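Heads up: the sequence shown begins at 628 in my numbering, then just goes up one per residue.
Because the hints were derived from the structure by calculation, they are not lab data.
Do not rely on the hints blindly, as some may be mistaken.
Cβ-Cβ distance ranges computed for the label pairs, FRET-style [what the hints assert, rightly or not]: (1) D698 - R822: 32 to 42 Å; (2) P728 - S633: 26 to 36 Å; (3) T695 - P726: 31 to 41 Å; (4) K1056 - A936: 40 to 50 Å; (5) I826 - A655: 19 to 29 Å; (6) L854 - G1058: 18 to 28 Å.
Pairs of lysine-lysine, DSS-like flavour, derived with a Cα cap of 27 Å [said to hold, decoys possible]: (7) K1056 - K1016; (8) K959 - K1007; (9) K1016 - K959; (10) K984 - K1007.
Here the structure is a predicted model, which is why all the values come from computation and not from measurement.
Backbone N, C-alpha and C fix where the C-beta goes; we use that ideal spot for every residue, glycine too.
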Amino acid sequence: MSALSSQPYKGTRDYYPEDKRVQNYIFATWRSVAEQFGYEEYGAPTLEPLDIYTAKSGQELAGEQTYTFTDRGGRIVAIRPEMTPSISRMVAARRQELPYPARLYSIANFMRYERPQRGREREFWQFNVDMFGVDSIAAEAEILSMSDAVLKAFGAKDEDFVIKINNRKLINFMMAQYLGLDAVSAQLMVKLFDRKDKISPDDFNDQARGILADDIDEGIEKINVLLSAKSMADLPVEIRNSSSVVEVQELFTLLERAGVKSAVFDITLMRGLDYYTGTVFEVFDTRPENTRALFGGGRYDGLVGLFGAEPISAVGMAPGGTAIENFLEVHKLVPELISNTDIYIVVMGDASRSAAKLARDLRARGVNVELDITDRKLDKQIKTAVKKKIPYMLFIGDNEVQSEIYTIKNTVSTDEQKLDIDGVAQLIKNGR
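Using the sequences and the hints, build the whole thing.
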């Protein structure tokens, strides 16, 4: 029998302690921002019935990217590829009991069977933030303000990212009234626009010609006008005068009042999932190293109603862990992260019994302690503490056992102090 591979399943990654520190830093920042805005955490199952995705997420996600299997009871289930259907199901189950606006968030992992590439994995972690029960554009303004606040909480500046915004009502008007497409052709064109940055201009034009039913040259000319529009003022007059533009303009007014400076209008932004009904947005890094969207979101008012409850308005977003990590690396915003262990006790001579008691007493005082139990030489114990990025080493030998005064050394600065056990505990608490 050949040796088993030590590599993780394709499209997933292992998180060693140094990787987990970065992930936990990202999670802690997400959680802090959510709770600053009054959102409360929830959890949902990893497995869901497949039909909650086929109903509204779209064929690509539900049919091609979802990990599915038949369980022992004969039910077709899926490993969740996203959270929006799950939280919509949960809200529907307690439609009458929840206080509104319901501000909810989760940090969870998901799986999608797609081609792994930079910023995209088969198993990924997301920060899911949703507001239920607010019909007005104020809900979008808050979610977009949170998108801005999340990146700012990591140390990003306005010029480091851009928030591209569009509206599905405006998209529907554009497809039906401006381009004159029927429902099937309109959906195909939306999907094509959604892929426009992933294919060549020639491929885009060829596929657009295949979708346009008649007046193909005129249709291509109209599409080129849309692609060249940099603001709402650049839109064709028939689109600019539509009622859906008013909603977009109101949103930008609210964002300006909230101090969000990175938002721009983009008529070509589609946001592929089928359940969006109003505002859609995606956040992009302005550095060329990260070409994919960092994250996105939008309004999806119809999803709760699919579960037999009275429909309720909803707006959400979902930053992904790896995309955020890539953003932080490119902008040099990953902080120097150390171990959660406060002290590594280095044992000298025959002091192991006293060292074990000292470790217990320090833990009782709220200090995180790793005790060396290997009987190794002094230099090897010290190397271990440094390699693990534990901030302090405490040395204990016969003299320290007698005096109960310990030498504690900062592993980075190499500064030393001599302290009793209470002084050691106070030093650690003061440094946190």
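Hint check:
no.: 1; hint: D698 - R822: 32 to 42 Å; result: 34 Å, holds
no.: 2; hint: P728 - S633: 26 to 36 Å; result: 48 Å, violated
no.: 3; hint: T695 - P726: 31 to 41 Å; result: 35 Å, holds
no.: 4; hint: K1056 - A936: 40 to 50 Å; result: 49 Å, holds
no.: 5; hint: I826 - A655: 19 to 29 Å; result: 38 Å, violated
no.: 6; hint: L854 - G1058: 18 to 28 Å; result: 55 Å, violated
no.: 7; hint: K1056 - K1016; result: 18 Å, holds
no.: 8; hint: K959 - K1007; result: 32 Å, violated
no.: 9; hint: K1016 - K959; result: 20 Å, holds
no.: 10; hint: K984 - K1007; result: 22 Å, holds
Comparing the model with each earlier hint shows violations of hints 2, 5, 6, 8; every other hint is respected.
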